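K.L.:
Here's the letter readout for the chains.
Protein chains: 2
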Amino acid sequence: MTAHVITISREYGSGGRTIGELVAKELGYGFYDKVLIDLAAKKSGFAIDYIKNTEEQVTPNFLFNLAANGYYANTVFVNDGLPASDSLFIMQSKIIRELADKGPCVIVGRCADYILRERTDCLNVFVHAPLADRVARAVKDYGLPESGAEKTVERNDKIRAKHYQYYAGAKWGEARHYHLTVNSSAFGVEAVARSIAGAARSFM
Amino acid sequence: MTAHVITISREYGSGGRTIGELVAKELGYGFYDKVLIDLAAKKSGFAIDYIKNTEEQVTPNFLFNLAANGYYANTVFVNDGLPASDSLFIMQSKIIRELADKGPCVIVGRCADYILRERTDCLNVFVHAPLADRVARAVKDYGLPESGAEKTVERNDKIRAKHYQYYAGAKWGEARHYHLTVNSSAFGVEAVARSIAGAARSFM
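These protein sequences, in sequence, are chains P and E. Residues in the first sequence are numbered consecutively from 0, following numbering that gives the first Met the number 0. Residues in the second sequence are numbered consecutively from 0, following numbering that gives the first Met the number 0.
Isolated chain P (complex conformation) (with noise of 0.2 Å):
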């Protein structure tokens, strides 16, 4: 069968958000990224900009030292007084659920291979490259400024590793949770995408 939903998990500036959209392209299928945060914020009521800065700058641990700490007001707690993480990730996991049911999609990033992991029609793959390239395509294509952009990638993927292993309780980029593993710097993203795009059409 030909996989219903693939998940892309990625590092920072691997490419695996294009590498999802031109397999996603390839395939015939919708594809979802950011558009979901707003979706969150949509069902939540959260600000938009509120769940990014969250996302991008904050770790589950610090929000739920805030917490701890009172510092939340009640409408940060959305959910059951669940700290604003615990909630996001929450309403994440049902929006995902929803979109995989909605039809064939590819999805980036949001631990959609755990929220998902009851599936049987799932691909999950990881995408990484070496620091360099990373960096080199942060500044290029993501408009890093090049100063201190290595430790802004690595700090990125401090929190995604972070993320993973609070909400999916395992480690991040280690080879067995996903179906396929690939650097995307030995292949180029067009022949990455090929390859995820024959490995969903091979799923078993």
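Don't read these hints as lab results, they were simulated from the structure. Just so we're clear, the structure is a prediction, and the values are computed from it rather than from any experiment. Careful: at least some of the hints might be erroneous.
Claimed, not checked - Distance condition first, Cα-Cα at most 25 Å in a straight line; then the derived SDA-like pairs of lysine to any residue:
id	chain 1	residue 1	chain 2	residue 2
1	P	LYS93	P	HIS176
2	E	LYS170	P	GLU153
3	E	LYS139	P	SER201
4	E	LYS33	E	GLU189
5	P	LYS33	P	THR17
6	P	LYS150	P	HIS162
7	E	LYS161	E	GLU149
8	P	LYS170	E	GLY172
9	E	LYS170	P	LYS101
10	E	LYS170	E	LYS101
11	P	LYS157	E	ALA169
12	P	LYS170	E	LYS170
13	P	LYS161	E	LYS170
14	P	LYS33	P	TYR165
15	P	LYS157	E	ARG175
16	P	LYS170	E	GLU153
17	E	LYS170	P	GLU173
18	P	LYS150	E	HIS176
19	E	LYS170	P	THR17
20	P	LYS139	E	GLU153
Stated by the list, open to error - Away from chain E, derived, C-beta distances all over 10 Å, residues of chain P:
id	residue
21	LEU26
22	VAL138
23	LYS150
24	ALA185
Using N, Cα and C, we set each Cβ at its ideal position, and we do this for glycine too.
Since chain P is already given, all that's left is putting chain E on it; use the hints.
P.N.:
Just chain E, lined up with the frame of chain P:
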């Protein structure tokens, strides 16, 4: 360019060896696996059976301990007084480098990815599969007795992981160490072999 050498590391029972043979066949490459042991043995003068037993049942640390305790006779220290497993590794390394120089090939196991790390024309692959599938394959294809098969599979993986950690100084099965990792159960050995051959042709 097409990758000149393809190294395949694999969990025990994942079908990695069969996949390697299929890749070599598809690309018209040489294929090397246990034959390396024989070559190593011939070069070193070790008895083939002794090396096979060492590789399959003993971890480097065990041999190290034996060496530290003076259990080795002179015949076992074949290279500058190193423990037998280290001497064997050095011999295998030499042979692997010679094979890679000789012509395009697929090499299964033996830390070949690490040994050939300075070449830029090596595609490094890791093949894994869920434990239950690997146990089933080990029983069906390798003739392992059903009783105790799971323990044997797990023990063989532990030995491989220790061996890799000891010689390559890195974690076996970490996605970032390989250009490609793949769950053979998700696609089947034929599809995985096609996918690896395709990746070899797209190697940059």
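K.L.:
Against this structure, judge whether each hint is valid.
P.N.:
Evaluation of the provided hints:
In summary, the hint linking LYS93/P to HIS176/P is supported, as the alpha carbons are separated by about 22 Å, within the 25 Å threshold. The hinted pair formed by LYS170/E and GLU153/P meets the criterion: a straight-line CA distance of about 20 Å does not exceed 25 Å. Note on LYS139/E and SER201/P: the hinted pairing holds, with a Cα-Cα distance of about 23 Å set against a maximum of 25 Å. Straight-line distance between C-alpha atoms of LYS33/E and GLU189/E comes to about 21 Å, which keeps the hinted pair within the 25 Å bound.
Proximity of LYS33/P to THR17/P is assessed by CA-CA distance (about 13 Å); at most 25 Å being required, the pair is judged to hold. Simply put, LYS150/P and HIS162/P have alpha-carbon atoms about 18 Å apart, close enough for the 25 Å limit, and the pair holds. A C-alpha spacing of about 18 Å is found between LYS161/E and GLU149/E, which places the hinted pair at or below 25 Å, so the restraint holds. For the hint pairing LYS170/P with GLY172/E, the CA-to-CA distance comes to about 12 Å; that is within 25 Å, so the pair holds.
About 39 Å separates the Cα atoms of LYS170/E and LYS101/P, which puts this hinted pair outside 25 Å; it is violated. Simply put, LYS170/E and LYS101/E have alpha-carbon atoms about 29 Å apart, too far for the 25 Å limit, and the pair is violated. Only pairs whose Cα atoms come within 25 Å are accepted, and LYS157/P paired with ALA169/E is accepted, the gap being roughly 19 Å. Straight-line distance between C-alpha atoms of LYS170/P and LYS170/E comes to about 13 Å, which keeps the hinted pair within the 25 Å bound.
In summary, the hint linking LYS161/P to LYS170/E is supported, as the alpha carbons are separated by about 19 Å, within the 25 Å threshold. For the given pair, LYS33/P sits about 20 Å from TYR165/P by alpha-carbon distance, which is consistent with the 25 Å threshold. As the CA atoms of LYS157/P and ARG175/E are separated by approximately 15 Å, the hinted pair is consistent with the 25 Å bound. Note on LYS170/P and GLU153/E: the hinted pairing holds, with a Cα-Cα distance of about 20 Å set against a maximum of 25 Å.
At roughly 10 Å between alpha-carbon atoms, LYS170/E and GLU173/P fall within 25 Å of each other, so this suggested pair holds. Proximity of LYS150/P to HIS176/E is assessed by CA-CA distance (about 21 Å); at most 25 Å being required, the pair is judged to hold. Of the pairs offered as hints, the one joining LYS170/E and THR17/P is violated, with about 29 Å between alpha carbons and a cut-off of 25 Å exceeded. Under the criterion of a C-alpha separation no larger than 25 Å, the hint pairing LYS139/P with GLU153/E is inconsistent with the structure, at around 45 Å.
No Cβ of chain E approaches the Cβ of LEU26/P within 10 Å, the least distance being about 16 Å, so the stated non-interface status holds. Even its closest Cβ contact with chain E, about 20 Å, leaves VAL138/P beyond 10 Å, as expected for a residue assigned away from the interface. No beta-carbon of chain E comes within 10 Å of the beta-carbon of LYS150/P; the shortest separation is about 19 Å. With a minimum CB-CB distance of about 4 Å to chain E, ALA185/P fails to clear the 10 Å threshold, and the non-interface call is violated.
In this structure, the hints that do not hold are numbers 9, 10, 19, 20, 24, in rising order.
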